[in-house]
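Number of protein chains: 2
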Amino acid sequence: MVTIKDVARVAGVSTATVSRVIHGEGQVGDECRARVKKIVEELGYRPNTNAQALVRRTSMTLGVVTPRLSMTFFGCLAAGAENAAREHNYKLLMCNSLYETKTELEAIDSLREHSCDAIVLHSEYSDESTLIKLANQISGLVLVNRFIPQIANRCVWLDNEAGSKKLTEYLIKKGHTKIAVATSVYRNHDPELRLKGVIQAMKDVGLKFNQDLIIESTANLKGGEEAALKLLEKDIPFTAVIAYNDLMAVGVMNTLQDNGVKVPEDVSVVGFDNLYISRACRPGLTTMNYPVEEMANHAASLAIELSSNKRKNTNQTHLFIPELIERSSVAIAKTK
Amino acid sequence: MVTIKDVARVAGVSTATVSRVIHGEGQVGDECRARVKKIVEELGYRPNTNAQALVRRTSMTLGVVTPRLSMTFFGCLAAGAENAAREHNYKLLMCNSLYETKTELEAIDSLREHSCDAIVLHSEYSDESTLIKLANQISGLVLVNRFIPQIANRCVWLDNEAGSKKLTEYLIKKGHTKIAVATSVYRNHDPELRLKGVIQAMKDVGLKFNQDLIIESTANLKGGEEAALKLLEKDIPFTAVIAYNDLMAVGVMNTLQDNGVKVPEDVSVVGFDNLYISRACRPGLTTMNYPVEEMANHAASLAIELSSNKRKNTNQTHLFIPELIERSSVAIAKTK
DNA sequence: TTGAAAGCGCTAACAC
DNA sequence: GTGTTAGCGCTTTCAA
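Going down the list, the protein sequences come from chains A and B.
Residues in the first sequence are numbered from 1 upward in steps of one, following my numbering.
Residues in the second sequence are numbered from 1 upward in steps of one, following my numbering.
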């Protein structure tokens with residue numbers, strides 16, 4: 001390993017001078033600068049970031065904590081963060097929290113051991129007080145999926161409720177009044193907010209939402225399949241189903257079709273997130289776009305700037321609005 | 001930030017003793033050990049990993065370089081690596097190479113600056129000599145998708161050719177003889193190997209492969225759609241199409257069906273990878289399982305053990321065999 | 001414009 | 001059993 005000392009020795013200067021040349025700041029004579037640069041090149045010298053982090057007390061790394069990297073949604077989140085990190089010349093440290101508060105906290109601790117002071121966190125289960133405490137301790141911590149008023153400027157979030165409301169209004173405009181909802185068994189933030197949006201939209205036009213048409217299931221393909229089955233068993237008429245997310249929606253669509261229910265002719269189905277899968281399934285799924293990658297990019301930049309004091313903590317929040325993606329899974333409601 | 005000195009001062013011992021207690025090795029008196037442990041707890045002391053990395057010359061981090069984290073396949077790869085990293089108490093440093101050799105090399109350089117000496121690399125475009133050189137420089141470098149004989153023990157790979165052959169044999173057994181192939185425009189390793197498997201399987205039973213039935217396109221959903229269109233235009237009879245991967249296969253299936261071709265009644269379609277999408281699409285896609293997560297886990301462990309000399313470099317290679325996943329996209333060939 | 005030197009937080013001989 | 005000490009590779013005053 002070639003160190004700054006090696007470069008200094010070969011160039012016949014002090015390490016301080018080499019350091020100045022490397023960082024392009026500080027006064028260095030032209031001739032000297034050129035010589036050092038040449039040696040750096042020849043020797044293939046690259047500064048050791050651990051040593052730099054030690055003395056600078058910051059390591060130019062961005063930590064990202066998400067539940068599970070193998071889920072497309074979180075892969076996209078990580079990709080967005082990576083992008084921002086690269087632009088800022090930061091490295092990306094990744095941790096899976098596996099949907100557990102304990103693992104999540106451990107991940108953050110281990111990130112801090114690495115002097116990693118910019119952190120983007122997607123936390124579903126930790127409670128607000130824990131998160132607030134954390135945010136107050138770590139100036140570069142940014143949440144990417146939740147809004148907590150006390151730390152508004154540290155939240156990059158999507159208006160789930162408004163999105164869900166918009167989606168429901170779209171369905172109502174198409175004549176749907178008997179609307180079923182396939183939601184997540186874990187009724188935390190997002191599921192609850194999205195459900196709220198549905199109910200509000202219906203209430204706004206004087207429709208009353210039938211609570212019996214709420215089906216709880218796991219928030220994935222299989223959960224969607226199971227939800228559709230349960231729904232069919234109930235034998236309550238419905239002309240549309242709003243799934244918590246795209247994965248569930250596809251499961252619902254498939255099972256409905258397998259049971260002779262035509263989508264969208266008999267029943268319309270919509271999802272949320274606009275994952276790759278919503279383009280691939282048949283019929284193409286109408287859904288709300290969740291600009292995760294863009295949001296993660298924004299969150300990562302924010303975290304980096306906050307942690308390096310390039311941006312001061314204000315009261316501004318960072319709200320994104322989902323937009324409707326129309327495909328082919330919705331039709332005018334049957335009037336019978 | 002609380003340092004080892006703080007702990008030492010409060011506990012009335014030297015930093016060496018604290019260090020011994022932290023790592024549980026070296027002789028320390030029981031009473032003293034207990035006192036130090038208590039103080040560590042009280043003060044919330046956590047060792048600074050940058051300082052540790054500096055003196056130990058190794059940073060307990062695993063670097064993973066893949067083309068693009070937002071692609072499901074690479075997300076799964078990263079998840080598998082994360083798992084192994086966690087087990088070894090390593091951190092995970094992620095880089096996107098964006099399918100470019102230059103970015104890839106930069107990523108590896110920056111990983112090395114971090115004293116990150118265990119690296120898992122999914123490289124599609126770099127040439128063998130570059131990779132061999134790299135592997136010889138970095139003892140903890142492991143390739144996760146290629147086999148290069150000179151560095152056999154550093155390769156964790158899937159037998160693409162055998163997998164593709166097996167898949168083709170399955171199709172032949174179902175009576176298919178007119179088989180089309182939708183392959184990637186970038187005819188590097190995997191696509192070439194998989195194509196080879198197809199041709200070999202047919203040759204083995206005395207069938208000759210019609211080169212006109214090879215369609216090149218991008219290796220994603222859209223590419224599959226385009227490939228199907230081109231195939232239809234050619235107006236050459238075929239009863240099955242083997243797509244380079246699941247994404248293409250789904251595109252092919254959808255476009256075929258949109259054009260009135262029934263899958264699998266008229267045409268059978270198969271993919272490769274066994275991504276989530278192959279379960280979600282209709283009909284369910286018959287495909288070869290690519291155990292990425294497991295392979296990445298293995299590769300990461302190997303990289304870590306190699307870099308820390310816990311395992312010595314042998315001539316053993318690390319080969320995985322894909323297995324057939326039967327779903328509903330294949331039927332007996334029509335005899336007409 | 002350049003160099004000397006202190007020190008970031010930690011580990012590991014070596015001494016006692 | 002425990003402490004002293006010399007660095008790991010780098011940055012950054014301060015002095016020249």
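Mixed in with the good hints there might be a few duds.
For identical chains, the list gives no copy identity; a pair is met inside one copy or between any two copies.
Unchecked claim - Distance condition first, Cα-Cα at most 30 Å in a straight line; then the derived DSSO-like pairs of lysine-lysine: (1) Lys-37 to Lys-234; (2) Lys-133 to Lys-5; (3) Lys-174 to Lys-37; (4) Lys-334 to Lys-262; (5) Lys-222 to Lys-262.
If you're looking for bench data, these hints aren't it; they were derived computationally from the structure.
To see whether the hints hold, each was checked on the structure:
Taking the shortest Cα distances, Lys-37 and Lys-234 never come within 30 Å of each other, neither inside one copy (75 Å) nor across copies (59 Å). With identical chains, the CA atoms of Lys-133 and Lys-5 are at most 30 Å apart between copies only, with a shortest distance of 26 Å across copies and 43 Å within one. In this homomeric assembly, Lys-174 and Lys-37 never come within 30 Å of each other (Cα to Cα): the closest approach is 68 Å inside a single copy and 66 Å across copies. In this homomeric assembly, Lys-334 and Lys-262 come within 30 Å of each other (Cα to Cα) both inside a single copy, at 12 Å, and across copies, at 28 Å.
When the C-alpha separation of Lys-222 and Lys-262 is checked against a cutoff of 30 Å, the pair qualifies both within a copy, at 19 Å, and between copies, at 25 Å.
The earlier numbered hints that this structure contradicts are 1 and 3.
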